[in-house]
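Visitor: With the hints as extra help, turn the sequences into a complete structure.
Residue 14 in the numbering used here sits at position 12 of the sequence shown, and the numbers go up by one each step.
Warning: the hint list may mix true and false statements.
To be verified - Below 30 Å or equal to it, Euclidean Cα-Cα: the simulated DSBU-like pairs (lysine-lysine) are: (1) 6 with 144; (2) 106 with 5; (3) 91 with 69; (4) 48 with 162; (5) 91 with 162; (6) 162 with 106; (7) 6 with 69.
Said to hold, decoys possible - Label-pair restraints from in silico Cβ distances: (8) 133 with 173: 25 to 31 Å; (9) 49 with 191: 28 to 34 Å; (10) 119 with 145: 37 to 43 Å; (11) 191 with 133: 17 to 23 Å; (12) 3 with 195: 38 to 44 Å; (13) 52 with 133: 41 to 47 Å; (14) 55 with 177: 31 to 37 Å; (15) 142 with 51: 22 to 28 Å; (16) 12 with 153: 28 to 34 Å; (17) 204 with 173: 28 to 34 Å; (18) 195 with 69: 31 to 37 Å; (19) 175 with 4: 21 to 27 Å; (20) 104 with 157: 22 to 28 Å.
In short, the hints are calculated from the structure, not lab data.
The C-beta atom is built at its ideal place from N, Cα and C for all residues, glycine as well.
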Amino acid sequence: MLKKIKDSADFIRKYLDEEYETAIILGSGLGALADSMEVHHRLPYKEIPFFPVSTVEGHSGNLIIGKFGGRNVIAMQGRFHYYEGYSMKEVTFPIRVMKLLGVKHLFVSNAAGGVNPTFRAGDLMVITDHINLFPEHPLRGKNMDEFGARFPSMTEAYSKRLIRLSETCADALGINIKKGVFVGLQGPSFETPAEYKWLRIIGGDAVAMSTVPEVIVARHCGMECFGMSVITNATASPEEITTSHTEVQDVSNSSQPAMTALFREIISRM
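Guide: As structure tokens, this is what we get:
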């Protein structure tokens, strides 16, 4: 696995003529943020040695190298999910590649179901913490000492510094943001009404099928993380939810301009 990670990093490094300390992972229906970047290189995942390939609609499957918010940024236009059949090592493979490329700050985004009954479709939620309900831990197995310690702390999985900065930037841009706890489930089925209620009881504000494994591995690698969810449906009455992947993409698309503006502002001020 370590050799595969190094081979992928060596391939991508050929396209990096400067230091790239910031990376962004774009979730379902959120890939258009890359269109607002100054693109220097666009690498399809299938061309990168040992990289998995996105199989879900709304995940373009490109690694974008360029500038965003005046900084050098590597953006993943589409991610990999446990429910696609990938192992956790494969799901989080790009994070370790980014570590070898010198990335120090990881921004993650996702489209998520609203568990907090005060949330509405289209809201932007800054992730303050997460609850990991995936059936396999991404650090399970022999520790990769080259990347981090056997037992990494998750006390501050999401950077308090960047959360505070996001609030300042949101105020400056006139963007209303929520804050909350993200719950990660394996999927691919959407949650039942009873599950939505249970997720709220255990402290969740939003739920989706990604993000948590990537953040855990990023923190293992010593990266500073910032996460944001686009809320795709309200749950004031869980029994009435009829979510579809198309609806998730539609809401994500409508919220992209605000999320893009906020990410750009945060990254420019870091």
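Visitor: Between the beta carbons of residue 12 and residue 153, is the distance compatible with 28 to 34 Å?
Guide: 30 Å, holds
Visitor: Note whether the CB distance of residue 104 and residue 157 lies within 22 to 28 Å or breaks it.
Guide: Cβ of residue 104 to Cβ of residue 157: about 25 Å, so the range 22 to 28 Å holds.
Visitor: Is the hinted range of 37 to 43 Å satisfied by the C-beta distance from residue 119 to residue 145?
Guide: Once the Cβ atoms are compared, 40 Å apart, the range 37 to 43 Å for residue 145 and residue 119 holds.
Visitor: Does the Cβ-Cβ separation between residue 52 and residue 133 fall within 41 to 47 Å?
Guide: Distance hint for residue 52, residue 133 is violated at roughly 31 Å.
Visitor: Need the status of pair residue 6, residue 69: alpha-carbon distance at most 30 Å?
Guide: Answer holds: residue 6 to residue 69 is near 27 Å, not above 30 Å.
Visitor: Can you let me know if the beta-carbon spacing of residue 195 and residue 69 is within 31 to 37 Å?
Guide: Since the Cβ atoms of residue 195 and residue 69 sit about 45 Å apart, the hinted range of 31 to 37 Å is violated.
Visitor: Holds or violated: the 17 to 23 Å window for the beta-carbon distance between residue 191 and residue 133?
Guide: 18 Å, holds
Visitor: Mind checking the alpha carbons of residue 91 and residue 162 for me, to see if they're no more than 30 Å apart?
Guide: Between residue 91 and residue 162 the Cα gap is close to 27 Å, so the pair holds against 30 Å.
Visitor: When you check the alpha-carbon spacing of residue 48 and residue 162, does it fall within 30 Å?
Guide: 35 Å, violated
Visitor: Holds or violated: 28 to 34 Å for the Cβ distance of residue 204 and residue 173?
Guide: With a Cβ separation near 31 Å, residue 204 and residue 173 satisfy 28 to 34 Å, so the hint holds.
Visitor: Tell me if the beta carbons of residue 3 and residue 195 are separated by a distance inside 38 to 44 Å.
Guide: 40 Å, holds
Visitor: Looking only at beta-carbon atoms, does the pair residue 55, residue 177 fall within the given range of 31 to 37 Å?
Guide: Given range 31 to 37 Å: holds, Cβ gap about 34 Å.
Of the numbered hints stated above, those contradicted by the structure are hints 4, 13, 18, 19, listed in ascending order.
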